[in-house]
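**Student:** As a plain string of letters, each chain reads:
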Amino acid sequence: MSEEKKQVRIAIDACRPRSDDAEQLLPDNRHRDALRRSERFDLAVATMLSQGDVPQDLEARLLELVSDAPAPAAGEPGQAALPWSDPLMAAVTEQGLSSPSEVVSDSDAPVTLADDTSIVPGSESRRRFSRRLVAATISLSMVVLVTLAVIWNNSEVDDPANPASELADRAARWLPRLEKQLSDTAAWSTSIAQLPEGYEADRSIIPAVRKWQAFSTELDSQSVLLDLSSQRHGTAYLVVIKTARRYSLPAHRPLRKLTSSGQWSLAAWQQGEMLFVLVGGSDVRSLDALLQSPLFG
Amino acid sequence: MVPKIPLAETTDAAASLPSSGEPGGVDDGENLIDRLIHLYHGDIYRYGYRLSGNAADADDLTQQVFLAAHQKISQLRELDRARGWLLAITRNQFFKMYRRRRPMDSSSLELDVNQVPEDVQKDDLDKEQLQAALNEMPENYKTVLLMFYFENLSYQQIADSLELAIGTVMSRLSRAKGQLRYKLLCTENTDSALSAPVE
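Top to bottom, those sequences are chains A and B. First residue of the first sequence: 1, per this note's numbering; consecutive thereafter. First residue of the second sequence: 1, per this note's numbering; consecutive thereafter.
Next up, chain A with everything else stripped away, as it sits in the complex (with noise of 0.2 Å):
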């Protein structure tokens, strides 16, 4: 193999389905068929090796597990914050957590200024001045910690709920990937029996589902593209998300609008941990008459 061949392999092989690697590592178009089996293929391992029985007690166990385990040590002084990096992860695996009776007790503690009694003779004005500076430093620290903690707890109690514009803003970027996605016959899967369990589309939804697919958003890797298009309502796709993740939007019609993109338009409405995003197309004329009244409207 010619070392120019070898190396348009390995660039291939770098290249993550779905994602902009290709463009970086093979900018032009010579290797499209390549590049195209090597996705085939990428993506049916990846498929594979995220599949696999897990043991039914499994999740029982673990939650037995963490509940019998001393308690989390909180903020081991003197610890700094660390990035997400590798060395995060060689601090969590490394041995002999910290635990709280680890912490060092105040009679353990430094010797303060205050405490010095080395001091010469006769510089006792200079020892209460420093026990003031000490004082002070202190009560500043207090004061500014204080105001910090009420800042944050400001912003979290005026946030309950993360604002539905931070939605708008994902589902305008899942656009590109899902009209791709719409385009892949062999996505779609007919047999809306084998859906995953709860991602249904929600009852109020007047259209039949006609087929779906698995469409991975950075809310839920698991969440799924039902197609909804029918000659009476139009074109109209709904992702079905499952997420704890609260935002501030409607449980049922009328939808909250997110945006609009090109032929697409985009709504949404959340109950409880599932969230439904509503993709209508150009030839549908109202994203909230593909939904039924809630019954006590």
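Simulated from the structure, these hints should not be mistaken for laboratory data. Heads up, the beta-carbon is just placed ideally off N, CA and C, and yes, glycines get one too. It cannot be assumed that every hint is accurate.
Dumping the calculated DSSO-like pairs for lysine-lysine here, alpha-carbon to alpha-carbon at most 30 Å [unchecked claim]:
hint, chain 1, residue 1, chain 2, residue 2
1, A, K180, A, K5
2, B, K127, A, K6
3, B, K127, A, K242
FRET-style restraints, in silico, Cβ to Cβ [to be verified]:
hint, chain 1, residue 1, chain 2, residue 2, range
4, B, H38, A, S230, 29 to 39 Å
5, B, N31, A, R210, 31 to 41 Å
6, B, D160, A, K6, 17 to 27 Å
7, B, D160, A, R173, 16 to 26 Å
8, A, S141, B, A56, 24 to 34 Å
9, A, R61, B, P138, 25 to 35 Å
10, B, H38, A, N162, 12 to 22 Å
11, B, N31, A, D57, 16 to 26 Å
12, A, G272, B, N140, 36 to 46 Å
13, A, R61, B, D119, 52 to 62 Å
14, A, S260, B, A132, 47 to 57 Å
15, B, N54, A, L65, 18 to 28 Å
16, A, K5, B, A165, 33 to 43 Å
17, B, E78, A, P163, 38 to 48 Å
Given chain A, work out where chain B should sit, using these hints.
**Tutor:** Just chain B now, kept in the frame of chain A:
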């Protein structure tokens, strides 16, 4: 027909978690670890299984991972990355517990991507062969392969994480994938056209 499942997003899947300040947020460690277990115990167990090659080790590994996560839960500041955090703990914990076991490199035969059939589907692959291929693979190959497929990390992220040169990672990844393709697609019954190894 079962739809194919795309690789996890670059930004990391997950985030089925409350954000800081919400109930179950960062400051609610007990609740948070329960949620992490609920959401990710399957992923962690499967990753452990792929790394170790057997159910017993995967089970032990999963327990170690969540114990470690429980202890260090206060360091979890970016909840959107919780899955990636746990997968990285799994990988590190695996190295710590099992790195002495070095599987034999039974075959270095590879299959070029151009020789892969046009439209490989999940059902074309044998899951037992897949795990057997992983078990037989040199550990340094298997590591980058699983970081690519399971953690969905780019070659650059893998290089950063393992502190290796990008070229080394790309070369290992290519050889690992070549071996995997050969072992999955060049079985005894496979068409002879596919059986020609690259090197």
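**Student:** A separate judgement is required for each hint: does it hold in the structure or not?
**Tutor:** Consistency of the hints with the structure:
1. With a C-alpha separation of about 29 Å, the suggested pair K180/A and K5/A falls inside the 30 Å cut-off, and the hint holds.
2. Proposed proximity of K127/B and K6/A is supported: the alpha carbons are some 29 Å apart, at most 30 Å.
3. Proximity of K127/B to K242/A is assessed by CA-CA distance (about 28 Å); at most 30 Å being required, the pair is judged to hold.
4. Range check, H38/B to S230/A: Cβ separation about 36 Å, and the 29 to 39 Å hint holds.
5. Take N31/B and R210/A: their Cβ atoms lie about 39 Å apart, and the range 31 to 41 Å holds.
6. D160/B and K6/A have their C-beta atoms about 24 Å apart, which keeps the hinted 17 to 27 Å range intact.
7. For the pair D160/B and R173/A, the beta carbons lie near 24 Å from each other, so the given range of 16 to 26 Å is met.
8. Between S141/A and A56/B the C-beta distance comes to about 52 Å, which lies outside the given range of 24 to 34 Å.
9. A beta carbon spacing of about 33 Å between R61/A and P138/B agrees with the range 25 to 35 Å that was offered as a hint.
10. For H38/B and N162/A, the Cβ-Cβ distance of about 21 Å falls inside the hinted range of 12 to 22 Å, so the restraint holds.
11. At roughly 21 Å, the beta-carbon separation of N31/B and D57/A lies within the given 16 to 26 Å, and the hint holds.
12. Between G272/A and N140/B the C-beta distance comes to about 45 Å, which sits within the given range of 36 to 46 Å.
13. The hint said 52 to 62 Å for the Cβ distance between R61/A and D119/B, and at roughly 41 Å that hint is violated.
14. At about 50 Å, the beta-carbon gap between S260/A and A132/B stays in the expected band of 47 to 57 Å.
15. At about 20 Å, the beta-carbon gap between N54/B and L65/A stays in the expected band of 18 to 28 Å.
16. Between K5/A and A165/B, the C-beta spacing of about 21 Å breaks the proposed range 33 to 43 Å.
17. The hint said 38 to 48 Å for the Cβ distance between E78/B and P163/A, and at roughly 18 Å that hint is violated.
Checked against the numbered hints given earlier, this structure breaks hints 8, 13, 16 and 17; the rest are met.
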